[in-house]
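K.L.:
Residue strings, one per chain:
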Amino acid sequence: MRTILGAFTLSACLLSGAAWAAPSGVFEAGIRNGALVAGPVGGPLAVVAQGGGARGLPCYSPDGTRIAFTQSAGRGVAVADVVVVTLDGRELSRAAIEPVQPGVAYTGMQYVEGLRWISNEKLAVRGSINPAQSQYYVIDVVHAKVVSDFVDDGSVAAFSPGGDHVARLGDAPHYVPDADRVPSLLLDEKPIWQPGRGAVLAAAPSFSPDGASLAWAERDTSGKPALNIFSSGTLHHVKLPASSTGTLAVTWAGSRAVVTDAPEGKPGRVLAWSVDSGSAGLTAQVAIDPFQEAHGLLATLRRTTQGNGAKESDFWCKSCALASLPRGDL
Amino acid sequence: MIVLDSGQDDAIRARAALPFAALCGAGIMAMLATPAAAQTGGTPTPHLSLKRTSLTTGDATGHPDGGSFSYTTEVQSGSTIGTLTSQDTTSNPNQMIMAGPANPSGQGRPSPGGLGRYTATYTVNGTSASPPNDDPFSIPVFGMSCYYTTYESDWGTPPNMCQSVLINGTTYSGTVTDPYGYAGTFCNSFIAEVKLQGSGVTSGNTDIQYNAGKIVAVSTINGADGSPVVADQTVAWDRSIIAGRGKHVSVDNVGNDLLANDTGGAIRGYRLDLYRGAGAAVCANAANVMGVSACTPRSATCPGYAFP
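For the record, the sequence lines run as chains E and S. Residue numbering for the first sequence follows the numbering used here, beginning at 1 and increasing consecutively. Residue numbering for the second sequence follows the numbering used here, beginning at 1001 and increasing consecutively.
Do not rely on the hints blindly, as some may be mistaken.
[To be verified] Derived DEER-like restraints, expressed as beta-carbon distance ranges: (1) A1284(S) to P177(E): 50 to 58 Å; (2) S1240(S) to R303(E): 47 to 55 Å; (3) T1171(S) to G211(E): 30 to 38 Å; (4) T1157(S) to S232(E): 46 to 54 Å; (5) D88(E) to R1245(S): 49 to 57 Å; (6) S1240(S) to G211(E): 23 to 31 Å.
[Said to hold, decoys possible] In silico negatives: residues of chain E with every beta carbon more than 10 Å from chain S: (7) A105; (8) H174; (9) P177.
[As the list claims (entries may be wrong)] No farther apart than 25 Å at their CA atoms in a straight line, the calculated lysine to aspartate or glutamate pairs in the DMTMM-like style are these: (10) K1214(S) to D210(E); (11) K1051(S) to D1065(S); (12) K224(E) to D1065(S); (13) K1214(S) to D1232(S); (14) K1195(S) to D188(E); (15) K1195(S) to D171(E); (16) K224(E) to D210(E).
No lab work stands behind these hints, which were simulated from the structure alone. If you're wondering where the values come from, they're calculated on a predicted model, not measured in any experiment. Cβ coordinates follow ideal geometry from the N, Cα and C atoms, glycine included.
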């Protein structure tokens, strides 16, 4: 049996605040034969960390000075370790996810399935419990402590920049039939949206860059989409064109919430709203994916580095289009 | 040059490349304006047909004889795709062998697969039947994961052998009697888990469900589409990858005609979550392989449907 009690055993955190010089150019971090390798795209990849259990999910920090990854801890010990190292391989922190403790039953993730940097000092960790629900942890790698530990009923949890606020879906356990679910969107554990029976979250919540607003999309019982923006304690509800029948995603471009039915770089349409004057209104309709350039660059990088022996590669650059994407995938 | 053909024989046929030039005058050839009538230096343009013979094999048949086959692959969508190989590229028909990749995590951690875009080429005397990037075919690879319903015995035995658990910041230990209106004494940790996930199975093999503040016995535990989840048959899938309901998926080294009747936000991309039954033990040694797949019934909402 594994345990959730004392879920994190953080080693002495060596983060000293020292300034690490950010590299220039485009860099790749990947896994080769269980070791973490990294280097400039197109050049040789050097071993950054090796030995011990197999590694996975490499992920550059936003400033490019650190790399987080998972390391197998042995199933009888813990689900996995989450490790942060400098570019030259110095270990900054190590968190054991779900260490085993006698007399304590295990619940939660079976594997660490995703990592995302919330800031240069905080990491979010996700693993699924069942097809709908996921367990999340937030690790403060500077102060060696867990900021939060929770279950999200839709695996859609969002974190404000810096990690001060968390939004998650609750009250919708997986094995409750759709028709009986009455989900709640919780902001810092307080419900801010309860759509009623049959309505569904159509796009995961997303915080604005300043962390002051939260946007998400819903579909009512007839499938009609709408955008919700929660800002300054007020919920703004904006009906979306009924023709938005595809998969929706909500992001932000400055102070504007952006809804796209073309997530992941697929062709589609982008609509943008703002709440600049206290009420939400349509400010722009554009026909391109705001992240098209980033998605295109990512696809090109994956294609050009294919065959170099590194798996699960993450790419980082200081000022290219990739900077518009979140650091890591939850 | 391969053109997808929805003919009844399920074959994917190359455009006809019969030696029409030997039969027709030049004027007629110009009017046809089709690759079917193309000819190079007096050599008949090769003809290539493809047919899937099993989940992991297919036949490429080239005409006329004497040529060789080659294959290329690229990621069409998703992240990780399979391989397409042939042991002898000059045998005709040429057996294509499709294989899923190893799980890149190397740790059993679920990894999504992808949709592979494949191009087959048949070359005779320097003339090819499949120009690059023209009418390739696609084969999906799904990465597997495993899920289960919580089982009472995983949480200890009431009244004195219950294990504790921490969920969303609250520790649950000891026993609870008649929880949420359901008669009996249970480990508090088990009931907390039932409330968390919405269902569970008692040691007496009764399916129970938590909903709206009550726990009740139910005849079945249902997936997201409202039908019962069935051990080793139900898979949860991403509706953006396989749209609609009533789909079945076959996955190499996993099973045939798995029922896609569950879904959820944690299952993204080319990943399938296989329901294995009750109790953590059923998933303890899950290999979470990545397998060449096919989905039925054939339709545009099944990835790789043109090469089923």
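K.L.:
Look at each hint and say if it fits the structure.
P.N.:
Evaluation of the provided hints:
Look at A1284(S) against P177(E): about 28 Å separates their beta carbons, and that is not inside 50 to 58 Å. Under the hint 47 to 55 Å, the C-beta atoms of S1240(S) and R303(E), about 22 Å apart, miss the expected range. Separation of T1171(S) from G211(E) is about 31 Å and conforms to the stated range, judged on CB atoms against 30 to 38 Å. Look at T1157(S) against S232(E): about 52 Å separates their beta carbons, and that is inside 46 to 54 Å.
A hinted range of 49 to 57 Å for the beta carbons of D88(E) and R1245(S) is consistent with their spacing of about 52 Å. Remark: the range hint 23 to 31 Å for S1240(S) to G211(E) is upheld by a beta-carbon distance near 29 Å. Separation of A105(E) from chain S is inadequate, the least Cβ-Cβ distance of about 4 Å not exceeding the 10 Å criterion. Distance check for H174(E) against chain S: the nearest CB is about 6 Å away, which does not clear 10 Å, and the non-interface claim fails.
The claim that P177(E) is not at the interface with chain S is violated, since a C-beta of that chain comes within 10 Å of its own (minimum 6 Å). Of the supplied pair hints, the one linking K1214(S) and D210(E) is violated, its CA atoms being roughly 41 Å apart against a limit of 25 Å. Annotation: proposed proximity of K1051(S) to D1065(S) holds, straight-line Cα distance about 18 Å (limit 25 Å). Distance check on the hinted pair: K224(E) and D1065(S) sit about 57 Å apart at the alpha-carbon level, beyond 25 Å; violated.
Note on K1214(S) and D1232(S): the hinted pairing is violated, with a Cα-Cα distance of about 29 Å set against a maximum of 25 Å. Pair hint K1195(S) plus D188(E) holds up; C-alpha atoms about 21 Å apart against a cutoff of 25 Å. For a cut-off of 25 Å, the pair hint linking K1195(S) to D171(E) stands: about 10 Å separates their Cα positions. Distance check on the hinted pair: K224(E) and D210(E) sit about 29 Å apart at the alpha-carbon level, beyond 25 Å; violated.
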